[in-house]
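Chemist: Chains A and B are the protein sequences, given in the same order.
Residues 26 to 171 (the working numbering) are what the first sequence spells out, left to right.
Residues 220 to 1097 (the working numbering) are what the second sequence spells out, left to right.
Calculated directly from the structure, the hints in this document are not laboratory data.
Be careful, since some hints might not be right.
Unchecked claim - Covered by chain A, according to a simulated footprint, are these stretches of chain B (three or more residues, beta-carbon under 8 Å):
(1) 294-307
(2) 987-999
(3) 1039-1051
Built from N, CA and C at the ideal position, the CB exists for glycine as well.
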Amino acid sequence: MIESIKLLVVDDELDFLETLMKRLRKRGVHVQGVKSGEEALECLGREPIDVVILDVKMPGMDGLETLKAIKAKHPLVEVIMLTGHANVETAVTGMELGAFDYLMKPMDIDELLYKVQDAYQKKMLHETRIALRRKIAEGGNEDEDK
Amino acid sequence: MAIKGLITAIKRLTRSIFSPSDGPSSHNFQNIKELRLTFQSRYLAFRRLIAANNRALTLMTDMEEKLRGTRPFGMSYIKATCTEITTQVYTMVQNLNLLAPGKYGELFDTFESIRQKIQKELDSTELNSLSDGASRPLVMDLTDVSSDHADLVGPKMANLGELKNRLGILVPEGFVITTEAFRLFIEESGLHEEIARIIQSADRNDMDDLYRMSTRVQKAILDSPVPEQVKLEVERHLEGMKEKMGPSIRLAMRSSAIGEDSKGVSFAGQYRSVLNVSEDFVFNAYKEVISSLYNLTAITYRYRHGILEEGLAMAVGCLAMVDAVSGGVLYTLHPFGNEDVLLINSTWGLPKAVVDGTGRFDEFIVTRKRPYRIIEKQIRDKDRKVMCLPDEGICRVKVVETERMEPSLTDEQITDLACMAMKVDEHFGEPQDIEWAVDRKGRLVFLQTRPLQSIPKSGSDWEAKVEGTVILQGGNTVSPGVASGPVFFLKRYADLLRVPEGAVLVAAQALPVWASALQRAAAIVTEEGSIVGHLAHVAREFNVPAVFGISGVMEILKEGQTVTVDAHRCQILEGEQEGMAVHVGGATGALMTGTPVHNLLSRIAPSIIPLTLLDPDSPHFHPKHCKTYHDITRFCHEKAVVEMFSFGTDQTFPQKSAKRLVTDVPMQFWILDLDGGFGEDVEGSYVSLDQIVCKPMIALWEGMTAVPWQGPPPVDTQGFMAILYEATMNPHLDPGLSSPYSVKNYFMISRDYCSLQSRFGFHFSTVEAYVSERTKENYVSFRFKGGAADLKRRVMRALFIQDILEDYGFNTRMVEDSLEARIEAYSEDIMFGRLRILGYIIIHTRQLDMIMTDLSSVDQYRQRFLRDLKELERGRTL
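Between the sequences and the hints, there should be enough to build the whole structure, so can you do that?
Modeler: And the structure:
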C-alpha cells in the first residue's frame, strides 16, 4: 500500500524537511517537499496528492490557513498536522477544520507512517464510495464484485 | 439464506446513507459493495477510536506518574501532553459520531467544556509579556534600582541595588539591561517560536538531544542583532559611566535572571558572566550572557526543578570591573558548623577561582556577633590567581613565591568584611551568600548577594560508621552523605553525555558545568573546589554527597572501579561498603512537589485523569455526566463497541453479520467479522475455527480451551448462603433476565483485532486486543466485573486475578469488584502469550468468588493457576 501513496510534506525548517523526506523515501513512500503553504497549494493544484504532512508554524501562510485552503479546494486530500509548538487550542481548531490528526515533533517515523497509511485508507474509501455513488446515480449496472 | 432479509436490510440502509433518488433493488451488487465500503469505513473509524483510546490512556498513566513528583518534567511536557490527550479525545468523539451519526453529538459540548477548563489553567500561567511595555525601561541605572524592581532587573541586580541604595555598601558603578530589553530582543529576532519548539523537543531526558537543542538556541541568539533601541540606551548609559570614571571603562557583565532565586533553588553558576569587557564588545558579551539561559546545564537544572520556561527572562548587569587584589565568597552562616559562625573563602586576585572551584583559597571562620572574632584560619598554598588583562578578558597567572602562603586578607579586613556582611544578613532577614572583592585602593566591594541555600540537616545515615580500606582522604565536606558507585571521570564537556546512572564522578576541578551530571550521580569528588562554589550548591540541592579538594583522585582512582565516598569524613573507600544503600541524587524525595510546574499539573489533572463513569449499565452513563477526559474515553469506547456490534447484527448482510462459532465447547459464541478476520468468504450462519485468521482471537481461544473447566468449585455453606442472599437482592443475577448482549458471548474480529464480550456464569468480562507488527500500537486490555457472591468475595476474586495479572506485567486498576488490566507495546509473541493467559483466566475463574474466604482452597487454586499459566505463556509460536 505504501508505494501507491503520494505524499507531500510542508515545512519551512529545511533540515527537518530534508531528513524527513529522506527517511520516508527509504521506506518506499513517494514524497515531495515544499517550504510554504503557498507552494503546497500550488503543488496540489498541479499534481495528484493523497496525504499532506503540514507544519503548523510557518512564515507567510501558516498551517491552519493552509489547511483551510486545502480543505476548500481539495476536500478529499487528508492532512496531518505536525507541530513543534504544542498548543491545545490550535490542535482542536485544526481537527475541527478537518485535519486527520495532529502530531507533535519529534515523532517516531514509523508512527508517522502508520498515520499516513490510515489517512490514505480513509481517502481511498471515500473516493471509492463517491465513484460508486456516481455509478449508481448514472444507472450503471456492471459488477466487478462477485 | 434469506434473500428477502438481505434486501430489507439494504433498503433500510440505503434510506439512511444513500440519496433518495437511488433505485432500491436493481443495484444490489453496487449496494453490497457500498455496504462493504460502509463497513470498512466504520472499521477504520472504530480502529482509530480504539487507537486514540489507547494513546490517551497511556498518556494519562504517564501523567499520573508525573504527578507523584519523583520524575522531572517541564512546562513543555504539560503543554505537549495536554495537546496530545486533547487531540486523542477529540478523535474518539469524532469517530464515535461517525459510527453513530447524530447520536452522540452532545459529547462535543462536554468535550469542549472540559477542554476550556484545561485551557484556562494553561493560560493562567503564561506571563503577559506585552502588557504596559511602554512604561518599562530597557536600561536602568543601578542608582535607581531597589528590590521593587526584581521583575525588571532580576533578583541578583535588585539585591545589588538594595546594597547600594538602602545600605550604603560599596558596590561597582553600573547599569542593568532589563528583562524588557531581553523580551524585545527575543521578539524582534523572532526567536520565541524557535525557543519554544526546541524546548518542547527537549522535554525528555535525552542528553544528546538536549545538547543539540541547546547549542542551536544559543547559536540563534548569538547570530541575532541587538535591537536598535536597546543599543541606543546602552550607549547612552556607557557615556554616563565614562563621564564619571574616565574614558577607558571595563565592565563585568553579570546575568540576573528571573526565577533565579526561587525558594530553594539557587541557579548557582548556571548562567554566564563575562568579565573585563571593553566597550567594543559589550553587545557581544550581552548576547553571550543571555544565551547562557539556554546552556545545557541551565536547561537541565530548570527542568529538574520544575521551573516554567514561560516568562523566563534575563537581565544583565553591566558593572564597572573591579580589578581585585583579593576576593572570594562569604556565607553569613557556616553551612555545617555551629549556628553562630560565618565562613569566608578568600584568594588572591578575582573571586572567580573560588566561585568556579578552580583554585585554592584561604578559609576563615568568624563569629556572627560583634566583635567578629576570628575563630579559625586556614591558609593554603595559593599558587595561581585570576587577574584582569590590560585590554580585555581575564587570565590565570602564577602567584609570586612570597605571597603564596600569605593570608589573602588581613585580620582587619576580615572583621570589616564580617561586619558589612552581617548588616546585609540583617537587612534581608536571612543568611546570605556574598561575593566580594578588595580593590586596588584596599576598599571592600560587594559584587553580589543572594539568600544562602538551606542545607539539609545532618541525617543519621552519614553518621553511621563506614568500615573498609581507605584509598584516599582529604579535602572538604561539600555535601554530606555516603554513597557508592563506579568511578566515572569528567574530563571534557562531552563526558557529560555519557554519565552512567549512579556513578561516582571524579574531576580535577569543581566546574559549574558538571552540575548537569549530578542528578544521575551517586557522589562527586574533585581535586580542587570550594564549599561555597557553584557546583557545591548544586550538589547540596540534589543531596549528592560531595568532597572537594581531595588530592590525587584523578591519578589513583580507576574508571569503572567501585568505590564508596564518605563525604562526612572526607574519605574514599574501596568497593561498596556493607550496609550502605546506594544513594542516587535524583531519588531523594519528591523533587517536583511544590514547584510551579507540578502545581500547574495538579490543577489540570482533575479534568483529565479521574474516571467517574464506572457502570455502563447505569442511567448515569451518559455524555452529560462525563466530567473528565477519562470519562469521555470510557464512554466512547463502550459505545463504539456496542455500535460496531449492533451494526453487524442489525444488518442480515450475509458476508458480514455475526456467525455462530462451530465448537465442541459447551458454550455459544458469536463472531462478527469486521474486516479480514475470516480467511475466506463464509457462507451460511456458522463459522469454524479453521476459517478464522485473526491471530489475537486464536491465541485467546487457545487459552480458553487449553484446560477443560472442572466445573464450579465445591462451595462451603457460608459461601452458598452468600450467593443465595445476593441472588435474592439482585434480580440482574438471574441469567434469564439479561439483555441480548449478555446472553451471547461474542467476538468481534479483524485480522489484527479481537474483542470478546462475555458473561460466564455471573461475571462479565471483556478482552480486547490489537496485535500486529505495529508494536507500539499493540495492546491487550481486560475488564472483569461482577459475580454471584457477596461484595467481599467478589472483591477477593478480583484481587486474586489482579495479583496474577500484575505478575505478568499488566497495569491494573480496581474499583470495588471491577478490575481493569492493560498491557501495551510488546511484540506479537509476548502479546499472544498474554492473551492465552487471559483466555485461561476468564474460563477458570468462573464461580471462584464463592470459595474466596476459604484460604487453603484459594491457595490450591493459585498454585494450579500458576502451573497452568506457565505452560500457556510459552505456548506454541503462532
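Chemist: Indicate, hint by hint, whether the structure satisfies it.
Modeler: To see whether the hints hold, each was checked on the structure:
Only when three residues or more bring their CB closer than 8 Å to a CB of chain A does the claim for the segment 294-307 of chain B stand; here the count is 8, and the claim holds. Coverage of the segment 987-999 of chain B by chain A holds in this model, with 3 residues showing a Cβ closer than 8 Å to a Cβ of that chain against a need of three. Under the rule that three or more residues need a Cβ within less than 8 Å of chain A, the assignment of the segment 1039-1051 of chain B is violated, with 0 such residues.
In this structure, only the earlier hint numbered 3 is contradicted, and the remaining ones agree with it.
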